[in-house]
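J.: Here is what each chain is made of, one letter per residue.
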Amino acid sequence: MTAIDAHRTIDAIWRIESTRLIAGLARMVRDVGLAEDLAQDALLIALEKWPETGIPDKPGAWLMAAAKRRAIDQMRRKKRLERKYEELGRESESNVEPSEFDAVLEGDIGDDILRLIFTTCHPILSSDARVALTLRLLGGLTTQEIARAFLVPEPTVAQRIVRAKRTLAEARVPFEMPEGADREARLASVLEVIYLMFNEGYVATSGGSWLKPTLCFEALRLGRILAAAAPDEPEVHGLVALMEIQSSRFKARVGPTGEPILLMDQNRGQWDHLLIRRGLAALERAEKLGRPFGPYALQAAIAACHARAGTAGETNWIRIAALYDALSRVAPSPVVEINRAVALSMAFGPEVGLEVVDALAAEPSLKEYPLLPGVRGDLLAKLGRNEEASGEFLRAAELTRNERERGILLKRAAECGGYDEIPDSEEKQS
Amino acid sequence: MQFMMIVKATKDSEAGKPPSLELINAMMKYNEELAKAGVLVAGQGLHPSSDSIRISYPEPGGKPKVTDGPFTESKELIAGFTIIEVSSREEAIEWAMRMPDPHGFGEGQIELRQIFEPEELTQDPEALAKEAALRERVERSRKA
Numbered sequence: 001m002t003a004i005d006a007h008r009t010i011d012a013i014w015r016i017e018s019t020r021l022i023a024g025l026a027r028m029v030r031d032v033g034l035a036e037d038l039a040q041d042a043l044l045i046a047l048e049k050w051p052e053t054g055i056p057d058k059p060g061a062w063l064m065a066a067a068k069r070r071a072i073d074q075m076r077r078k079k080r081l082e083r084k085y086e087e088l089g090r091e092s093e094s095n096v097e098p099s100e101f102d103a104v105l106e107g108d109i110g111d112d113i114l115r116l117i118f119t120t121c122h123p124i125l126s127s128d129a130r131v132a133l134t135l136r137l138l139g140g141l142t143t144q145e146i147a148r149a150f151l152v153p154e155p156t157v158a159q160r161i162v163r164a165k166r167t168l169a170e171a172r173v174p175f176e177m178p179e180g181a182d183r184e185a186r187l188a189s190v191l192e193v194i195y196l197m198f199n200e201g202y203v204a205t206s207g208g209s210w211l212k213p214t215l216c217f218e219a220l221r222l223g224r225i226l227a228a229a230a231p232d233e234p235e236v237h238g239l240v241a242l243m244e245i246q247s248s249r250f251k252a253r254v255g256p257t258g259e260p261i262l263l264m265d266q267n268r269g270q271w272d273h274l275l276i277r278r279g280l281a282a283l284e285r286a287e288k289l290g291r292p293f294g295p296y297a298l299q300a301a302i303a304a305c306h307a308r309a310g311t312a313g314e315t316n317w318i319r320i321a322a323l324y325d326a327l328s329r330v331a332p333s334p335v336v337e338i339n340r341a342v343a344l345s346m347a348f349g350p351e352v353g354l355e356v357v358d359a360l361a362a363e364p365s366l367k368e369y370p371l372l373p374g375v376r377g378d379l380l381a382k383l384g385r386n387e388e389a390s391g392e393f394l395r396a397a398e399l400t401r402n403e404r405e406r407g408i409l410l411k412r413a414a415e416c417g418g419y420d421e422i423p424d425s426e427e428k429q430s
Numbered sequence: 001m002q003f004m005m006i007v008k009a010t011k012d013s014e015a016g017k018p019p020s021l022e023l024i025n026a027m028m029k030y031n032e033e034l035a036k037a038g039v040l041v042a043g044q045g046l047h048p049s050s051d052s053i054r055i056s057y058p059e060p061g062g063k064p065k066v067t068d069g070p071f072t073e074s075k076e077l078i079a080g081f082t083i084i085e086v087s088s089r090e091e092a093i094e095w096a097m098r099m100p101d102p103h104g105f106g107e108g109q110i111e112l113r114q115i116f117e118p119e120e121l122t123q124d125p126e127a128l129a130k131e132a133a134l135r136e137r138v139e140r141s142r143k144a
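Protein sequence lines correspond, in order, to chains Z and G. The numbering of the first sequence is my numbering, which starts it at 1 and goes up by one. The numbering of the second sequence is my numbering, which starts it at 1 and goes up by one.
None of these hints come from the bench; they were simulated from the model. Check before you lean on any hint, since a few could be wrong.
[As the list claims (entries may be wrong)] Facing chain Z, a subset of chain G residues (Cβ under 8 Å, in silico):
no., residue
1, Ala37
2, Gly38
3, Val39
4, Ala42
5, Leu46
6, Ser50
All C-beta atoms, glycine included, are put in the ideal place defined by N, C-alpha and C.
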């Protein structure tokens with residue numbers, strides 16, 4: 001094996017092992033920053049030794065053993081220090097019996113992974129910091145990889161991570177499972193981080209690209225890990241279902257020259273039906289838990305309506321409109337209202353949708369939001385009010401930061417302005 | 001990127017002999033590991049080829065020929081597959097290496113194949129041209 005091959009293999013092993021390594025260590029040392037340092041130390045030792053000795057049979061156990069030796073060394077050093085201060089009688093909080101490390105290696109690490117993700121997604125951190133720290137500690141991504149995924153300079157990400165670890169340590173955030181009402185809020189924060197990550201990948205809001213799959217892949221992987229570790233949370237399954245179904249459309253959502261293809265125009269034969277099946281199964285698991293649907297499960301149920309329709313014409317818009325009604329009660333937002341308007345227009349006609357959209361005209365948070373004029377333009381065009389529609393499309397084109405989307409909107413504006421006939425507009429934003 | 005780990009058939013799997021309890025447990029544990037790591041996409045076992053049919057086209061443009069199983073060359077047959085989604089080829093190899101020996105007795109064989117990604121499919125200039133032509137035709141028929 002060449003040194004380069006060995007390093008690539010070690011990278012792959014790191015991807016597989018780092019999460020449970022860090023999670024297990026964090027439980028022992030009660031500090032995620034220190035846990036990552038220890039794991040990184042173990043990785044460095046592996047990078048030095050494995051190219052010569054070959055990869056051990058159980059690389060995970062090897063890395064844990066190496067990290068454990070480092071931890072014990074550090075503790076001994078600390079103890080010696082403590083002795084010097086003649087504090088022999090008092091047990092240090094960070095004192096860990098070496099045998100506990102073996103228990104970590106053998107036991108179920110699901111709970112440790114949950115504790116870890118609850119910590120990296122702690123509300124005390126900014127959302128940028130949460131995402132970066134989660135990708136780093138749970139996804140095993142390097143700072144460089146995270147920087148590349150977000151198109152930001154590497155030092156920015158490095159600084160975010162360092163600061164996040166410091167904040168957690170300074171606030172003495174305990175490495176534990178939140179209980180009761182706190183658990184719900186903390187879980188919401190975890191789900192938010194994962195979905196943010198996914199969306200960042202799914203719709204790159206600026207630049208020419210509609211595909212940024214690394215983040216989607218990482219979010220999906222984290223979601224799947226979370227579902228395995230917390231199988232009793234319907235919203236976790238809901239989020240996984242939502243991401244699986246949205247991912248199923250990757251191939252169909254971009255045309256051969258990179259132009260976006262909207263949901264209703266996509267070739268459904270290109271949808272990944274394996275992912276759809278996984279999504280529907282996850283939604284079923286959420287349903288079986290028998291608790292009312294939260295925002296993620298509701299969005300997944302909406303995505304499932306599209307996934308189940310063999311053709312765009314078979315879409316059950318009445319059910320989708322009802323699900324948006326439920327969503328607007330559970331998680332009311334102007335964006336949900338826009339989508340509800342679209343669903344209502346598809347189910348009951350454009351004038352019904354327009355009523356809802358017009359009620360949003362004064363909404364301050366939507367002032368800069370291209371979807372509102374985009375949808376309004378679409379509904380107006382369907383009603384034959386072409387001149388007004390054209391103006392709305394132009395306004396949407398001005399607001400959007402996605403170049404390809406701007407192209408489509410300008411084209412629609414020209415079509416509405418230039419011809420008297422009602423344009424064939426099955427396109428719809430959803 | 002997705003990979004398919006294909007478990008090749010053996011005399012035992014072709015004879016419909018169920019795997020040992022030990023192997024079943026090891027496989028379950030392995031699948032659990034895949035699920036916990038968030039990489040498991042799908043996995044299925046297949047009936048022996050005695051239940052299968054083969055459809056072949058001996059003459060280009062001719063009628064298909066249907067042959068009933070079983071088929072003899074067991075090394076060419078598959079007994080099951082697992083699809084994983086990982087971030088690199090090395091990671092896929094690492095997972096494949098961890099799969100338990102599927103049958104033992106010196107016959108176990110796993111083949112690792114990468115599944116095409118959407119980008120790979122659309123980057124092929126020939127496929128691009130074909131798809132563009134197809135879309136144009138659809139567009140024209142729509143307008144007509």
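J.: Each hint should be assessed against the structure and marked as holding or not.
T.: Cross-check of the supplied hints:
The closest approach between the C-beta of Ala37/G and any C-beta of chain Z is roughly 6 Å, which is under the 8 Å cut-off, so the hint is satisfied. The beta carbon of Gly38/G is positioned within 8 Å of a beta carbon in chain Z (closest approach about 4 Å), and the interface hint is therefore held. A distance limit of 8 Å between C-beta atoms decides the matter here; for Val39/G the minimum to chain Z is near 7 Å, and the interface restraint holds. The restraint placing Ala42/G at the interface with chain Z holds, with a minimum CB-CB distance near 6 Å, inside the 8 Å limit.
Restraint check, Leu46/G versus chain Z: the minimum CB separation of about 16 Å is more than 8 Å; hint violated. Given hint, Ser50/G at the interface with chain Z, is violated; its Cβ is 27 Å from that chain's nearest Cβ, farther than 8 Å.
Going through the hint list in order, the structure does not satisfy hints 5, 6.
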